[in-house]
Amino acid sequence: MTTILETGQLTAADFKGKVDPDWCPGCGDFGVLSSLQKVLAEMNILPHNVVTISGIGCSSNLPGFINTYGMHTLHGRALAVATGVKMANHSLHVVVTGGDGDGFGIGGNHFIHTMRRNVDLLYVAMDNQIYGLTTGQTSPTSRKGMKTKSMPYGNVEEPINPISLALAAGATFVARGFSAEPKHLMDLMRQGMDHKGFSFIDVFSPCVTYNHDNTYAWFKERVKRLEDDPSYDSSDWHEAMKRALLWGDEIPIGKFFQRTDLPSLDQAEPVLNNGAPLAHRELRIAPEVVRDFVAELM
Amino acid sequence: MDSTFSVAIGGAAGQGVATPGDIFSKIFARRGLHINAYNAYQSIIRGGHTFLTIRAGIKEVTCFGDRIDLLIPLNQDTIGRHLALMKSGSAIVYNGDIIKPGSRPEGVQLCPLPVNKLSKGSRSKVEQNTLALAASLNMMGVSFQALEEVLTEQFKRKGDKVVAENIGIARAGYEYAAASFTPFSDPLPRGETRYAVLSGNIALAMGGAAAGVKFYCAYPMSPSTGVLHWMAAHARDAGIMVRQVEDEIGVINMAIGAAHAGVRAMCATSGGGFALMTEGLGMSAMMETPVVVIDVQRAGPSTGVPTKTEQGDLWQMLGAGFGDFPRLIAAPEDILDCFKLVPEMHNLADRFQCPGIILGDLLLSEGRSSVDPKQLSFETEIDRGELIVSAAPTNGSHGYKRYQITESGVSPRAIPGVPGHTHTAATDEHDEDGVLISDEFTNPRKRRAMMEKRQRKIAGIEAAVQPPILIGKATADVTLIGWGSTKGVIQEAVEILNEEGIAANQLQIRWLAPLHGEVIVETLRSSKYTIIVENNFSGQFARYLRSETSYAPDGHIRKYDGEPFMPHHIVEAVREQLAGKTKLSVPMHEIMV
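First to last, the protein sequences are chains A and B. Using my numbering, the first residue of the first sequence is number 302, and each one after it goes up by one. Using my numbering, the first residue of the second sequence is number 433, and each one after it goes up by one.
Errors might be hidden in some of the hints.
To be verified - Under the rule of at most 16 Å between Cα atoms (straight-line distance), these lysine to aspartate or glutamate pairs were calculated in the EDC-like manner:
{"hint": "1", "chain 1": "B", "residue 1": "LYS491", "chain 2": "B", "residue 2": "ASP804"}
{"hint": "2", "chain 1": "B", "residue 1": "LYS833", "chain 2": "B", "residue 2": "GLU872"}
{"hint": "3", "chain 1": "B", "residue 1": "LYS593", "chain 2": "B", "residue 2": "GLU580"}
{"hint": "4", "chain 1": "B", "residue 1": "LYS878", "chain 2": "B", "residue 2": "ASP860"}
{"hint": "5", "chain 1": "A", "residue 1": "LYS525", "chain 2": "A", "residue 2": "ASP562"}
{"hint": "6", "chain 1": "B", "residue 1": "LYS588", "chain 2": "A", "residue 2": "GLU589"}
{"hint": "7", "chain 1": "B", "residue 1": "LYS833", "chain 2": "B", "residue 2": "ASP863"}
{"hint": "8", "chain 1": "B", "residue 1": "LYS549", "chain 2": "B", "residue 2": "GLU580"}
{"hint": "9", "chain 1": "B", "residue 1": "LYS772", "chain 2": "B", "residue 2": "GLU818"}
{"hint": "10", "chain 1": "A", "residue 1": "LYS319", "chain 2": "B", "residue 2": "ASP993"}
{"hint": "11", "chain 1": "B", "residue 1": "LYS878", "chain 2": "B", "residue 2": "ASP863"}
{"hint": "12", "chain 1": "A", "residue 1": "LYS319", "chain 2": "B", "residue 2": "ASP863"}
{"hint": "13", "chain 1": "A", "residue 1": "LYS484", "chain 2": "A", "residue 2": "GLU551"}
{"hint": "14", "chain 1": "A", "residue 1": "LYS448", "chain 2": "A", "residue 2": "GLU458"}
{"hint": "15", "chain 1": "A", "residue 1": "LYS339", "chain 2": "A", "residue 2": "ASP323"}
{"hint": "16", "chain 1": "B", "residue 1": "LYS806", "chain 2": "A", "residue 2": "ASP550"}
{"hint": "17", "chain 1": "B", "residue 1": "LYS885", "chain 2": "B", "residue 2": "GLU864"}
{"hint": "18", "chain 1": "B", "residue 1": "LYS1015", "chain 2": "B", "residue 2": "ASP993"}
{"hint": "19", "chain 1": "A", "residue 1": "LYS521", "chain 2": "A", "residue 2": "ASP562"}
{"hint": "20", "chain 1": "A", "residue 1": "LYS319", "chain 2": "B", "residue 2": "ASP865"}
{"hint": "21", "chain 1": "B", "residue 1": "LYS806", "chain 2": "A", "residue 2": "ASP593"}
{"hint": "22", "chain 1": "A", "residue 1": "LYS317", "chain 2": "A", "residue 2": "GLU343"}
{"hint": "23", "chain 1": "A", "residue 1": "LYS319", "chain 2": "B", "residue 2": "ASP871"}
{"hint": "24", "chain 1": "A", "residue 1": "LYS484", "chain 2": "A", "residue 2": "ASP550"}
{"hint": "25", "chain 1": "B", "residue 1": "LYS806", "chain 2": "A", "residue 2": "GLU570"}
{"hint": "26", "chain 1": "A", "residue 1": "LYS319", "chain 2": "B", "residue 2": "GLU872"}
{"hint": "27", "chain 1": "B", "residue 1": "LYS905", "chain 2": "B", "residue 2": "GLU894"}
By construction, these hints were calculated from the structure, which means they are not laboratory data. Quantities reported herein were computed from a predicted structural model and do not represent experimental measurements.
When you get a sec, could you build the whole thing from the sequences and use the hints?
Set out below in structure tokens:
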């Protein structure tokens, strides 16, 4: 491995993991991984200052394929774990990766609450509208009518819209990318990393093995960048909500919404104000404080 | 008759049982008396029946005892429930305007207070409580000054007027009692030390602060919520981040995240919340990230009786999480032990990089006890084990292996942010360097090696934890075996039995994992008759001991009505078992609370 002493000399290769991804050839997740590696290198963030955290699923194997500190946690729990990591050491860059089942199904509760808490992290959901690692079942984002092994006669339920959900839950940075448009995705990731607060990027990341509905070709015909519309104002929440609800022949990608007026959780929490990260603080409590604690009981 | 004095206050929730209770506790503890208090209450915010017993004595008071010397009923309902159980020589102090005691047991002094007359002009809604409190203290031979001091502190935030008003009412009650009631024959004794009074929940929280916990999170759940309340109230002074999380799944995952990043992290819940945490417990074991979880038991199953005590979660603790992994489980034996066990558990969890479970119960968590303030030392040992928190910023990788196979099973743990030590911690089985061996690199030999590495920690844990020691004489007619919170009540039962001429001793189990089964069996070998005493239906500890050692005791005493044991329950059960009447005693709780 190359010597990493200073920032300013990093390349994507410095973020190459110990092993190569074992995703199916053609999987959308490759594009997400390489975009993330490039962005971290470009931004000169040292690998040991990044923690990449995932849940369980195909896309959640990502931390094993990137050279940062990694946590490959439980199905659906990555955001809760990530919140703990960020609170214990707010000097770290926290990136959470996972899939639609992990984040919007089993992890739906944590997804909502992490957004309302505005935890300062980048959450990249690789959304393939299917459960891949369990060999092809309906996911929370599978379209109505889609036939899978778990709904062989077609899905009768309405899918979740991750973008409108994120907007409703109070996320302060909401975007959608497409793994086949890596430059655009990298730009969103860069902005997300820079955003002080919860940054959510829902990335269309096609499953070439189990999802024959939402293919690369299907998305390519439909996706349209918000950035190409000069009139679009991503600080307007109501406009963002309108665009979020668009789904059909035209599906917007890009930055839907960003607000920078809300403090992130680490900024809002007085215990962290003007102090070193908790992980590096003195464990002992000052004797005069302890005396007060005991005096209350007397 | 023992030399303690018990006062009980009963009434509906919302009638203000807690405040006079706190004032009594404070006055007793400042007088140098030990106290033990237990509040029997219900899952209701207003109404129902709450019954607080505070027992004071010059020697350590290990449980709330069998007898009530002074009863303060705040409503008629309390009379109906408790008067018939009062013994000769006791007294009841009550609002004579509204409460009609009816027939009473012989020798019980009735002390009605003309509340309307005495509190004329008062705006206080709880004047009857203050009057009864003051009258009672007079009968116990406590000076008015002691009460005045505590009332002043209690109400000073509300201003001088409120203080003066309360002291005025108190004085009326105190003087009325002096003129109208017969004082107790022995005035309350006085001791040398001023004691602190605290609940088990506060002790657990303070134990965490003393252990250097920097991250605490929880979802409110009775009877563990007091830990969250203390932590939240003191977080800013103590430099602890406290978070209320969306559910207990989030709680344990957040705590593990924080622990992984390098802090000491802790969370507390009760059985239902713990059930949600079990997958996370396995994650702690697999990632080898220490976390300390407090389970404060309440009566189950399911929602059960949220405000009642039980020792019914032992098997949940033993079996929580699938697969095999080392875990630490200990049950604090009293309220002071709640404080002492927490740092001990953190040290072991850090050293052995595994989950640590503290198995408390409502009896301790919401009970109160006096403690010598010197015992609440924050200078306790802190041992973080093999933790790498910094390294020279040399190069990308030294070939650091997070899960290096070692003889002890413990591998040095680098926290995120340390240069040269990047690795991935996974819940999937992994190799020494963190690479998954659950998919394309599957390897039965590596899997076996990693399993054995983790399990090897158990030998180290066993050596690090003290086995239980017999309390009392080496040989006895009967040995009472308990675990956790029953220590105090069994201790008193043993004293009574010995006074009655039945030679008894006690073996109290604090560490459940590791159990030290061989030591336990060896200790019990010389006992003539052994009885396991526990607050559950199926004899969870007895079944556990048998599964680990094949040992079965001669008899069992169990209770699963939601209320804790009282000493006489155990004494009477021992008598009937030694008389050969039964091998399983289930004492009836006489008090309707």
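Now for the hints, and whether the structure bears them out:
Taking the CA atoms of LYS491/B and ASP804/B, the gap is about 12 Å. The hint holds against a cut of 16 Å. Between LYS833/B and GLU872/B the alpha-carbon distance is near 20 Å, which puts this suggested pair outside the 16 Å criterion. This hinted pair checks out: LYS593/B and GLU580/B have alpha carbons roughly 14 Å apart, not beyond 16 Å. Of the pairs offered as hints, the one joining LYS878/B and ASP860/B holds, with about 13 Å between alpha carbons and a cut-off of 16 Å not exceeded.
The hinted pair formed by LYS525/A and ASP562/A fails the criterion: a straight-line CA distance of about 28 Å is larger than 16 Å. Taken as a hint, the LYS588/B and GLU589/A pair is broken in the structure, with Cα atoms around 23 Å apart against an allowance of 16 Å. For the suggested pair LYS833/B and ASP863/B, the alpha carbons sit about 9 Å apart, so the restraint of at most 16 Å is met. Straight-line distance between C-alpha atoms of LYS549/B and GLU580/B comes to about 21 Å, which puts the hinted pair past the 16 Å bound.
Taken as a hint, the LYS772/B and GLU818/B pair is broken in the structure, with Cα atoms around 23 Å apart against an allowance of 16 Å. With a C-alpha separation of about 57 Å, the suggested pairing of LYS319/A with ASP993/B is violated against the 16 Å cut-off. For the given pair, LYS878/B sits about 7 Å from ASP863/B by alpha-carbon distance, which is consistent with the 16 Å threshold. With a CA separation close to 12 Å, the supplied pair LYS319/A and ASP863/B stays within the 16 Å bound.
Between the alpha carbons of LYS484/A and GLU551/A the distance comes to roughly 20 Å, so the proposed pair goes past 16 Å and is violated. Between the alpha carbons of LYS448/A and GLU458/A the distance comes to roughly 12 Å, so the proposed pair stays at or under 16 Å and holds. Using a Cα cut-off of 16 Å, the hinted pair LYS339/A and ASP323/A is violated, with the two alpha carbons roughly 20 Å apart. Among the hinted pairs, LYS806/B with ASP550/A is inconsistent with the structure: their alpha-carbon atoms are about 74 Å apart, more than 16 Å.
For the hint pairing LYS885/B with GLU864/B, the CA-to-CA distance comes to about 10 Å; that is within 16 Å, so the pair holds. For the suggested pair LYS1015/B and ASP993/B, the alpha carbons sit about 19 Å apart, so the restraint of at most 16 Å is broken. Restraint check: the Cα-Cα separation between LYS521/A and ASP562/A comes to about 35 Å, which exceeds 16 Å; the hinted pair is violated. Between LYS319/A and ASP865/B, the direct Cα distance comes to roughly 9 Å. Compliance with the 16 Å bound is thereby established for this hinted pair.
At most 16 Å may separate the alpha-carbon atoms for a hinted pair to count; LYS806/B and ASP593/A meet this at roughly 13 Å. Among the hinted pairs, LYS317/A with GLU343/A is consistent with the structure: their alpha-carbon atoms are about 14 Å apart, no more than 16 Å. The hinted pair formed by LYS319/A and ASP871/B meets the criterion: a straight-line CA distance of about 15 Å does not exceed 16 Å. A C-alpha spacing of about 23 Å is found between LYS484/A and ASP550/A, which places the hinted pair above 16 Å, so the restraint is violated.
A hinted pair counts as satisfied when its Cα atoms are at most 16 Å apart, and LYS806/B with GLU570/A does not qualify at roughly 33 Å. Only pairs whose Cα atoms come within 16 Å are accepted, and LYS319/A paired with GLU872/B is accepted, the gap being roughly 14 Å. The straight-line distance between the Cα atoms of LYS905/B and GLU894/B is roughly 26 Å, outside the 16 Å bound, and the hint therefore fails.
Hints 2, 5, 6, 8, 9, 10, 13, 15, 16, 18, 19, 24, 25, 27 from the list above are not met by this structure, while the remaining hints are.
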